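Model the full assembly from the supplied sequences, consistent with the hints where possible.
Here are the chains, one letter per residue:
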Amino acid sequence: MHFNQLTIHELQKKIKEGSATATQITESVFSRIDAVEERVHSYIRLMKEGALADAAKADEDIQKGDIKPLTGIPVALKDILCTKGTLTTCGSRILHNFIPPYNATVVEKLKAAGAIFVGKANMDEFAMGSSTETSCFGPTRNPWDLERIPGGSSGGSAAAVAADECIASLGSDTGGSIRQPAALCGVIGMKPTYGRVSRFGLIAFASSLDQIGPFTKDVEDCAIMMNVLAGYDPKESTSVDMAVPDYREFVGRDIKGWKIGIPKEYFIEGIDPEVTAAIKKAISVIEQSGGQCVDISLPHTQYCVAVYYIIAPAEASSNLARYDGVRYGFRATDVRELLEMYKKSRGQGFGAEVKRRVMIGTYALSAGYYDAYYKKGSQVRALIKKDFEEAFKQCDVILTPTTPTPAFKIGEKTDDPLQMYLSDVFTISANLAGIPGVSVPCGYSSGGLPIGLQFLAGHFEEGKLIQVSSAYETNAKIEKRRPAL
Amino acid sequence: MDFETIIGLEVHAQMLTDTKIFCNCSTKFGGAPNSHTCPVCLGMPGVLPVLNKKVVEYAMKMALATHCEINTSCEFARKNYFYPDLPKGYQISQYAYPLAEHGHVLLDINGEQKKIGITRIHMEEDAGKLVHDEHNPVSYVDLNRTGVPLIEIVSEPDMRSPEEAADYLKRLHEILVYLEICDGNMEEGSFRCDANVSIRPRGQKEYGTRTELKNMNSFRNVQRALEYEIKRQQYLVENGETVIQETRLWNDAQGVTHSMRSKEEAHDYRYFPDPDLVPIIVDDDWVQKIKQDLPELPMTKRERFIKDYQIPAYDAGVLTADKALAFYYEEVVRLCNKPKAASNWIMGDVMRFLNEDKRSIRDCPIKAASLADMIELIEAGSISGKMAKEIVEDMYKTGKSPQDIIKDKGLVQITDEGELIKTITSIIEAGQAQVAEYRTGKEKVFGFFVGQVMKATKGKANPRLVNELLKKMLAE
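Chains as they are written, first to last, in our numbering: chain A, 1 to 485; chain B, 1 to 476.
Keep in mind the hints are simulated off the structure, nothing from the lab. Quick caveat, the model's predicted, so the values are computed rather than measured. Mixed in with the good hints there might be a few duds.
List time: in silico DSSO-like cross-link candidates among lysine-lysine, alpha-carbon distance up to 27 Å [what the hints assert, rightly or not]:
{"hint": "1", "chain 1": "B", "residue 1": "28", "chain 2": "A", "residue 2": "235"}
{"hint": "2", "chain 1": "B", "residue 1": "422", "chain 2": "B", "residue 2": "460"}
{"hint": "3", "chain 1": "B", "residue 1": "129", "chain 2": "A", "residue 2": "343"}
{"hint": "4", "chain 1": "A", "residue 1": "343", "chain 2": "B", "residue 2": "263"}
{"hint": "5", "chain 1": "B", "residue 1": "389", "chain 2": "B", "residue 2": "458"}
Following this line, the structure appears as structure tokens:
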């Protein structure tokens, strides 16, 4: 077995035993990248030189016995996370030359924990998309079927973990952008509670929904990553100052006596029968594990997508106003006056999906429409949040499919934004409510495509998600396959 | 036609915090372009604002000083528009839920009090500025001012003349400076004002169409611009034309207002709550704490001066217009216990010297104790008022005490009757013609003799004694 195929905890064991060095691990990751990256295209930019230098330093630390939680572990970063001195594009032409003079807080945290950065992972432009097809650097392909999308917007981060082009990665999730690609690529992806992981240095798409989280190969790795990422950040006003538990302690615990909520609104027509079958099987595994499944209702579920496509574009229209060609990023040439500079820089710098959402959002906030759209949307959002509060009085966690279908084909939905938006139908609610969610692999379609299972929990209950995912992972005994690349 | 003028003002005051409202950059005026900036105030991707609590406290001070109700919860909103001096493409301001509302300021108009309502006070960040190259078609952006904290104070349309508007502005200015939350410098833009003005036939209930005036950077310009604009509107109405709702810029050099943009061209700012900031919760304890720390405000001080020191309202107004001046005055009075004399000397000579040198009372070379000593020397008859005029000028120039100056110059007053009788005798002898005039009842001539005595004694004669002796001797 190659090092790049192992998990964080397996590699840590080897490092501690002295049977693997940071350099060997890093080299194995880069040789895998050399072999498959051309086909998968997980990355926008590789950081090989820095990674090997950091690995050499990590080996010195290891020699001294200084082994931190992620020492020697190669991690990929979604290109939405600011990295000091390294190009950060957000998948957009408008930031094609942007080199941040600061690190995102999570980047600092990973660094402090000893992680080695492999590169910047591909993504939908400004995280707007569900397929990683809107990246100005071209699409990422699903390692399980190169004709198919890896999901999005954190498709590069998910594909890199699935293709063993890194050990773990970071993504961001505004409406499902971690959980959906995790499901479609067959890896673990967690969106923490809003306020649990600092957003400082995460290029904003929709500030009230955005949250950073990890992609990993198993649940224990997810706990290890969350231990590093979670915590209060004085640089972010919406960060919550609350004690962080040791998430690793939730790994391997049983769920005897737990109530697992099954929301009827998430089992609707239009779900791929193979997905339904996989979820049903998962429910029985949960019950065999000592969990008790209870029917619950989240009555405002049908409004989630509509509310999301008002709130998220509204915030985005404002967040993306700073890309004006004045101070950094792309500026159109051959312009004579200010308005022309704005129009051409933004017109040429942004892709079609970004423009579409900026226009939707601008409209939703306009005088005369604000009350009907943004304000009404915010009110319904409060009801959606309340649905979950009520639901968690009856159950410990909620179980749903992560996506209605396995990965679809590249180009299949690019001409139909509405169909594309519906691929996030099960994940959006967690962002609107600010609650944590995780996608865990729960089997394969007959075509060999991964299927994901989503668990949702109450605010700051990531521990419960780790516990239920771990119990499921242990008892489901899903056959471990690797994509044939 | 007889018109009534309706004026409402929007004042922006820069808060005197050391650091900006959402980052740790310095708020200092000047500095090399873009030297007081960081990724946060430059609006770089992924950065986030963190509120400077001091700004809330300063704004609360102003709210309490103007009798506003402070909302228990308020929030920041984004005001979206594109301009190169606005790096994020939106200004963080307050909109639906401001910090404070429903306040007022009292004006003293010809001895009568008039209440000017304050609609709201809210906090926001300032924008940067553009620097245009005079010789080339190039503009530069300086973002040092970006993120400097401001409060906006919006008045009700309660003012009825440009004078009232100027008076209201001066009161606000005075309060802000008293609270030490704003330096009040209009030229550097730390105190700025926009005006909404309309006219209506006297007696009409509905307001006329208003125009908004911008670019007035002094009290005088506010008054001038309003006067011009009222005349312009009257001319339009009297000639059957209509006033259109628009924003107009005051042109100081030409003394006119120019249209900047019409209502149709007005921005749609697409305000919405800023998701990067949490609501500000202001509890009663916090309000009480700020209240306790409030200094005595100008209006209260003015009333106290009139009552306690028995000085005219005019004097009290002048002396309390500047907190440091009021402090100086009270110090002098405490030391010499002559409130009216102290007021006269300060408002007269001392302020004249300071004004000539464009100096503040804080830099006055005459110590309060020295001025008090001088007033006591006059009262004691040791020096004459005329001598004092000379002495106080020396005190200002040298910073010396009056005692030292008197000693240096040998300026002690002549109070020796014998010596004065001798002088007066010789003056009477030399001025027999005037003596005759005086004796026929022309009492004006008396002044001539006083002048002669003072001239002969180089002003050192005790005036009271001179008067007494002259009267007696001329009657003989």
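Hints, verified against the model:
1. B:28 to A:235: 23 Å, holds
2. B:422 to B:460: 15 Å, holds
3. B:129 to A:343: 21 Å, holds
4. A:343 to B:263: 23 Å, holds
5. B:389 to B:458: Distance ~14 Å between residue 389 (chain B) and residue 458 (chain B) Cα, so the pair holds.
The structure is consistent with each of the numbered hints, conforming to all of them.
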